[in-house]
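A.B. asks: Model the placement of chain B on the given structure of chain A, informed by the hints.
Number of protein chains: 2
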Amino acid sequence: GWPSRHQRTTGIHESQTQPLFKEKYFTQSLDHFNFNAMGNGTFLQRYLITDKYWNTGYGPIFFYTGNEGDIWEFALNSGFLTELAAHQEALVIFAEHRYYGKSLPFGNESFNIPQIGLLTVEQAIADYAVMISALKRQLSAADCPVIVFGGSYGGMLSVYMRIKYPNVVAGALAASAPILSTAGLGDPRQFFRDVTADFETISPECKYAIKGAFHHLKELGERQDYSKIQSAFALCKRPSSVQDIHQLNGFLRNAFTLMAMLDYPYSTHFMGNMPANPVKVACETMLRGSDLLTSLRDTAAIVYNSTGLLTCFDVSSLYVECADPTGCGLGFDSMAWDYQACTEINLCYESNNITDMFPAMTFTEEERLRYCSKRWGVIPRPGWLKIQFWGDALSSASNIIFSNGNLDPWANGGVQKSLSSSLIAINIGGGAHHLDLRGSNVADPASVIEARKTEADLITQWVELERTRIQRLP
Amino acid sequence: GWPSRHQRTTGIHESQTQPLFKEKYFTQSLDHFNFNAMGNGTFLQRYLITDKYWNTGYGPIFFYTGNEGDIWEFALNSGFLTELAAHQEALVIFAEHRYYGKSLPFGNESFNIPQIGLLTVEQAIADYAVMISALKRQLSAADCPVIVFGGSYGGMLSVYMRIKYPNVVAGALAASAPILSTAGLGDPRQFFRDVTADFETISPECKYAIKGAFHHLKELGERQDYSKIQSAFALCKRPSSVQDIHQLNGFLRNAFTLMAMLDYPYSTHFMGNMPANPVKVACETMLRGSDLLTSLRDTAAIVYNSTGLLTCFDVSSLYVECADPTGCGLGFDSMAWDYQACTEINLCYESNNITDMFPAMTFTEEERLRYCSKRWGVIPRPGWLKIQFWGDALSSASNIIFSNGNLDPWANGGVQKSLSSSLIAINIGGGAHHLDLRGSNVADPASVIEARKTEADLITQWVELERTRIQRLP
Chain A
1 GWPSRHQRTT GIHESQTQPL FKEKYFTQSL DHFNFNAMGN GTFLQRYLIT DKYWNTGYGP
61 IFFYTGNEGD IWEFALNSGF LTELAAHQEA LVIFAEHRYY GKSLPFGNES FNIPQIGLLT
121 VEQAIADYAV MISALKRQLS AADCPVIVFG GSYGGMLSVY MRIKYPNVVA GALAASAPIL
181 STAGLGDPRQ FFRDVTADFE TISPECKYAI KGAFHHLKEL GERQDYSKIQ SAFALCKRPS
241 SVQDIHQLNG FLRNAFTLMA MLDYPYSTHF MGNMPANPVK VACETMLRGS DLLTSLRDTA
301 AIVYNSTGLL TCFDVSSLYV ECADPTGCGL GFDSMAWDYQ ACTEINLCYE SNNITDMFPA
361 MTFTEEERLR YCSKRWGVIP RPGWLKIQFW GDALSSASNI IFSNGNLDPW ANGGVQKSLS
421 SSLIAINIGG GAHHLDLRGS NVADPASVIE ARKTEADLIT QWVELERTRI QRLP
Chain B
1 GWPSRHQRTT GIHESQTQPL FKEKYFTQSL DHFNFNAMGN GTFLQRYLIT DKYWNTGYGP
61 IFFYTGNEGD IWEFALNSGF LTELAAHQEA LVIFAEHRYY GKSLPFGNES FNIPQIGLLT
121 VEQAIADYAV MISALKRQLS AADCPVIVFG GSYGGMLSVY MRIKYPNVVA GALAASAPIL
181 STAGLGDPRQ FFRDVTADFE TISPECKYAI KGAFHHLKEL GERQDYSKIQ SAFALCKRPS
241 SVQDIHQLNG FLRNAFTLMA MLDYPYSTHF MGNMPANPVK VACETMLRGS DLLTSLRDTA
301 AIVYNSTGLL TCFDVSSLYV ECADPTGCGL GFDSMAWDYQ ACTEINLCYE SNNITDMFPA
361 MTFTEEERLR YCSKRWGVIP RPGWLKIQFW GDALSSASNI IFSNGNLDPW ANGGVQKSLS
421 SSLIAINIGG GAHHLDLRGS NVADPASVIE ARKTEADLIT QWVELERTRI QRLP
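Those protein sequences? They're chains A and B, same order as listed. If you read the first sequence in my numbering, its first letter stands for residue 1, the second for the next number, and so on. If you read the second sequence in my numbering, its first letter stands for residue 1, the second for the next number, and so on.
Just chain A, with the same shape it has in the complex (with noise of 0.2 Å):
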């Protein structure tokens, strides 16, 4: 269930003729942690920026730190970040992560071994670091202080950032950042269970419905019964194996986790055309028809056939399994993406049928090393991420926003309660997915309103102690 599974091939701010941003490209050192090997390499890395709204010389500088997938749609879809920039005559940037979008260390030979290894989180938030150094020095803003936003992984990143490099940047806005469970801080039925209350939340029949549903196809597929599982799901290609149903589950999963993580009360093109409140729209339509079949595929059709061009569904195509059981998506981002799931980032989630409504599905420790293993030669390390990053011991860290939205599946694997007077969990009533990251809409709970004036009053206060710290610098 992470971004950018479907790249967009525009770089024009939808409500603009004009784009906003300038796209440059940065010349980055491959290898922050090797001085031999690749150590003396660049690559170009990928960053859009806006002078617009900026107080020249003088403003504090806005630095999305880029997560999974082509900067652009992160950029497009996190309009906060210049409503905020206007009011506070701020510059804002956007970086795209390392071995994503147009940012390839090694082109198409990025994804091949050994050249991958150089994917990890440390170095990319060592690009960021060096980044916001150089082009601070570049535009003369050395005593702008730098505040650092993400959604999602990208929030991971940027508490990462205030964390490690609080010499960089003064503060963090961290959405929908499940900073706890990646880190092995969480249970693996947790993430499908939340999922799974999204849809009981509109109605405890819409969860039994699609219970009933995939229960229905579990028992065509013990009876091999292929044929009426391809036309009741408008399979293009007849299903063979338990492995081929295996893979529809997965293919089904996926949907309803993207329809609850993107449960936004407008329609959106955030890592594809969602319809306003999916979540309610999968309901009508699970609960429209009397087959529960035709009603399930109708519902993944939702996700899957947004423009209705789809005459059948290549499940394998459309849905690729790998080791981040929420989803990788499709094309090279998700090729960095699954190698990312298969070292530092836990993403153990598991489904079950009893605590979520969907087929059993495990996804354990010795599945994701075999087959990490295989994939990419490597051996997972599940107890890294929370030594080098921190995992719940977090206290003497200061000036970090986590926000969470209390329909999305990832919030329960983020930081929910306040730790500190500057470690400020701010909970979103009806928010999905780091809906305070987008830009202000007329449907918008009140509560996202209100959720964005205190991370704008939060900033606002960073800054300024930033101004201070900085003036007192010999």
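Everything labelled a hint here was simulated from the structure, so no lab data went into it. Be aware that a few hints might be false.
As the list makes no split between identical chains, a pair holds if one copy fits it or if it spans any two.
Unchecked claim - Once the Cα atoms are required to be at most 30 Å apart in a straight line, the calculated DSS-like pairs of lysine-lysine come out as:
| # | residue 1 | residue 2 |
| --- | --- | --- |
| 1 | 417 | 136 |
| 2 | 386 | 24 |
| 3 | 218 | 207 |
| 4 | 417 | 386 |
Note that the structure is predicted; figures quoted are calculated from it, not measured.
C.D. replies: Structure of chain B alone, referenced to chain A:
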């Protein structure tokens, strides 16, 4: 001017017939920041441990973050840790830095290219974080607060551990840690100016005698009177070039560096043998005879011929020029340190014969780059350490003691003013290089006794604070 020039061959604590420490090995990841390449490999990292004073499972853990040398060398010269452990019922661990002593990741091939590439500060502190986490589990010490200790570069590592891994370590005593100068925040003239000041403090005549002797040597060199130089300095080989005179100057300057750093009030066996108050002894030697060159030779002999067994000086085997103008020492350890001075750690100090008493010997960034790219195939990154380890922007950190002695030429490269109520600078009048880490001695000045008491009190506070924090965790 960094430790481990002369490796000890004994593992026995000087004052004991039974060794206090057990020597053990930890299976460590070769590469914390790359899961491919060497990512799955491990090596054996040495550590010393004693539970003699430990309140098992409850008392704190005192962890020495080993620096550039054999770990026994530090364990045998850091008696403060065990004395404090006896009072505070602590477990004591001295961990050896990768690529030093017996902790060679690739055995005798560790110093080849590219194997040497896994020698970085980041890998070293990640080693310690991983080792501490694992040993706490192994020893059922999950709730035992960890305090890190280190001297010189080891003190830098202690600071870095606290700022980068406050989830793992509750506080740091960084003795004589030049964290500012090594991050490029210093004056290249500072170090040899401060060495000079030590000798001038004994008497201005002493400084002038040394300066005069070097001047005399310079004149002989310009006259190419190599025969006279050889006999005056008792050189095994007759010099025959400007380069040979340069080497001789480096050899001589290094003797003064070591005596200034190790100007302890009693004789020591750390980085070689040193008499009590070596700077005073040197000045007596310089001013004793009538021939300045003979006096200079006899002064160098305090360092290079403490046993009196050498009949001549082979300057190219006793001193090797490297990327650290304060000296890299000899043997494998010196190669590793040279590499670190070529990559992350900035040590571009120079003497100029104006602000110091030494011959003018430059070491510019350009010279560093030329040497390092030729020697190790690396390009130094002078700006990196300041970004990665915060430089002087430390105000968001906590629980660090920066101790320095005013006799120590490294002191002015460190933090000498408290930055907050928990970032405490302690200045030790009459103290040389990390004197406070040494065990008690009847010759100790009152200043260091007081400093150790303050350090002990602060550490007690940190341990208690950390217990409270741990108890509050879910």
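A.B. asks: Any hints this thing doesn't respect? Which numbers, in order?
C.D. replies: The structure conflicts with no hint, since it agrees with every one listed earlier.
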